[in-house]
Amino acid sequence: MVRVWDVPTRVFHWALALAFAGEWFTRDAPQLQLHEFLGYAIGALVVFRLAWGVWGTRWARFTSFPLSPGAAWRYVGALLRGRAGRHVGHNPAGSIAIYALLLLAALQVVTGLVALGAEQRLGPLAGLPSLAAGSLAHDAHRVLAWSMLGVVCIHVAGVVVGSLLERENLVGSMLTGCKHAPADASVAARRGVGVALIVLLVLSAAAWFGLRAGDARAQRASAALALPRDARWQAECSGCHLAYHPSLLPARSWQRLFAGQHEHFGEDLDLAPAARQALETYARANAADRFASPVAWSIAHSVAPASAPERITGTPYWRERHERVDPAAFKRTHASDCGACHRDAESGAFSALAIRVADARPVTTVHRP
Amino acid sequence: MNRLALLALLVPLLALAAPVDDLLQQYRAQGAKDFSVAAGEKFWEAPHPDPAGGEPRKCALCHTTDLRVTGKHAVTGKAIKPLSPAVNPERLSDAAKIEKWLERNCKWTLGRSCTPQEKGDVLVMIRSK
Numbered sequence: 076m077v078r079v080w081d082v083p084t085r086v087f088h089w090a091l092a093l094a095f096a097g098e099w100f101t102r103d104a105p106q107l108q109l110h111e112f113l114g115y116a117i118g119a120l121v122v123f124r125l126a127w128g129v130w131g132t133r134w135a136r137f138t139s140f141p142l143s144p145g146a147a148w149r150y151v152g153a154l155l156r157g158r159a160g161r162h163v164g165h166n167p168a169g170s171i172a173i174y175a176l177l178l179l180a181a182l183q184v185v186t187g188l189v190a191l192g193a194e195q196r197l198g199p200l201a202g203l204p205s206l207a208a209g210s211l212a213h214d215a216h217r218v219l220a221w222s223m224l225g226v227v228c229i230h231v232a233g234v235v236v237g238s239l240l241e242r243e244n245l246v247g248s249m250l251t252g253c254k255h256a257p258a259d260a261s262v263a264a265r266r267g268v269g270v271a272l273i274v275l276l277v278l279s280a281a282a283w284f285g286l287r288a289g290d291a292r293a294q295r296a297s298a299a300l301a302l303p304r305d306a307r308w309q310a311e312c313s314g315c316h317l318a319y320h321p322s323l324l325p326a327r328s329w330q331r332l333f334a335g336q337h338e339h340f341g342e343d344l345d346l347a348p349a350a351r352q353a354l355e356t357y358a359r360a361n362a363a364d365r366f367a368s369p370v371a372w373s374i375a376h377s378v379a380p381a382s383a384p385e386r387i388t389g390t391p392y393w394r395e396r397h398e399r400v401d402p403a404a405f406k407r408t409h410a411s412d413c414g415a416c417h418r419d420a421e422s423g424a425f426s427a428l429a430i431r432v433a434d435a436r437p438v439t440t441v442h443r444p
Numbered sequence: 005m006n007r008l009a010l011l012a013l014l015v016p017l018l019a020l021a022a023p024v025d026d027l028l029q030q031y032r033a034q035g036a037k038d039f040s041v042a043a044g045e046k047f048w049e050a051p052h053p054d055p056a057g058g059e060p061r062k063c064a065l066c067h068t069t070d071l072r073v074t075g076k077h078a079v080t081g082k083a084i085k086p087l088s089p090a091v092n093p094e095r096l097s098d099a100a101k102i103e104k105w106l107e108r109n110c111k112w113t114l115g116r117s118c119t120p121q122e123k124g125d126v127l128v129m130i131r132s133k
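These protein sequence lines map, in sequence, to chains A and V.
Final position of the first sequence in the working numbering is 444; the numbers increase by one with none missing.
Final position of the second sequence in the working numbering is 133; the numbers increase by one with none missing.
These are computed hints drawn from the structure, not numbers from a lab.
Since the model is a prediction, treat every value here as computed from it, not as a measurement.
Check the hints yourself; a few may be wrong.
Claimed, not checked - To spell it out: a stretch of chain A is covered by chain V in this simulated footprint if at least three of its residues, at any positions, have a beta carbon under 8 Å from a beta carbon of chain V; those stretches are: (1) 314 to 322; (2) 334 to 348; (3) 409 to 420.
Using N, Cα and C, we set each Cβ at its ideal position, and we do this for glycine too.
Construct the entire structure; sequences and hints are all you get.
Now the structure itself:
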C-alpha cells in the first residue's frame, strides 16, 4: 500500500461531505443561520480545492485527472466488462464527479449569496441584486441542491461499484490515503501547508459570518427593509390583532377589505369616512404590489390577478411557506398571531432570519398526594 | 378674586376626571335612569347566542370576569390589557375611545347597539373595579 491522497485532500473531502449533509438538513427557516455559515465554509473549501488542484501533491492536481467525458465513458464500459484495471489517482469517471461537484458547490455558494443579498439584504451582496434576481437565484438554489444530491448518489454508487470491481477499498483509501500502487506513486502527506490553508480559509469564512451573527443580525435584516409605518394604522388595527403591514396583501385586497368594513370578519369596524379614507389610502399606497420587501414581492406574485384574498393566510405564498410548519405550533398559538414565531412581524419585514417557532407551553399539572 | 382662582384650578381638574361623568350625563339625557354597579355586573355575564353557533357571547368571554387581569380576543387570540382603571390607568380616559369600543363590542356581542342604560351601568361597574 502506498500513500496516494495527501492529508489536506482527505480533510477537504470529508469536510465537504459533512458540510453538504449539514446544508441539506438546515435548509428550513429556523436553521438558516447555520445554513448560511456552512455556505461560507463550503465556499472556503472550494477555494482551497481549486488552489490544491494547482499546487497540491501529484494525484490531487487537476493535471492528473483531466476532465474527459470520452475517457470516462470508455472507463465505465471497460469497468462493466471487468477490464478496467486499477487507477492510482482518480479514475476518469470519478474525475467527472469531482468537477461536477466542485462546479455545483460553487454555483450553490453564488446562488445562495444572491438570494441572501436580495431577499434578506444580508451578506457580501446585501441589497445589490434585484428581488427578481433573488427569486430566480433562490429557485436555482433549490434545483441545484437536488442536482448535487443526485451527483453525490452517483458518486457514492460509482465508489461502491468501483471498489468491488477494482478490488480496492476506495472509501478506506480516502480515509487512510493509501491504495495499491507502485512505490514511485507515493506522495508526501504534506500536512502542514494544506491543512493550515484549509483551517485558515474556513476560519475566515466563520469570522466573516460571526461578525454578523446572532439576534442583532436578524434585527438588522428586518431593519434593512425600513418599511413605512403609520401611527393611525397601528392604533386602529392593533385593537383586535397584529397591525398587519399593508405590504402583506395586494391593493385590490385592501380595497375589498375597506369596502366590507361593516362585515370585517364578523365585526363592524364602523370607521368614520375620513378615517377610512386615510387608512385605505395608506394601505393601498404600501400594498404588496409595491414590492417594498421580498415577502411583499413573493405574495404579490403568488396571488392570481383575478383574486383578492381577504386573509394573508389565504395567499398561495403564505400557504406554500407554512406547509411544512409543525401543525402543533399552530395549535399553541393563533395563525393570526404572526409575532408568535416571526419576531419582526410588527415591522412587516418577515425576515427568514427572525423566525423562532412558537415555544411549546406544556400544561403544568400539580400532583398532590 | 379668591373664588375665581379656585375655579380656574378646578376647571382642568374636572376636565381630567370628566370622560365617564360626561358620558353618564349624556346617557341620562338620552333617558337612562340611575346607574348601578350590580346591574353592570349582571349585564357583563349575560350570555347571548352566537349567530355562528359557537360559544355564547358575553363581555366576559374576551375580558374575563376579573377586570384586573389580561383578557384574550375570542377570535384572534390577541391579549387584551386589563379594563380596570386601577390596574391600567389608560382605561376610561378618552370618551371617544370608550364610545367606539362600546359600539363595536355591543354589536358583536349582542348583535345590536347597547342602550344608554346598559352603557352607563357597565361604565360605573368598570370604574368601580
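Structure-based check of each hint:
With a threshold of 8 Å between beta carbons, the proposed coverage of the stretch 314 to 322 of chain A by chain V holds, since 4 of its residues qualify and at least three are required. Given a C-beta distance limit of less than 8 Å, the hint that chain V covers the stretch 334 to 348 of chain A holds, as 6 residues qualify and 3 suffice. Here the stretch 409 to 420 of chain A counts 3 residues with a CB under 8 Å from a CB of chain V, which clears the bar of 3, and the coverage holds.
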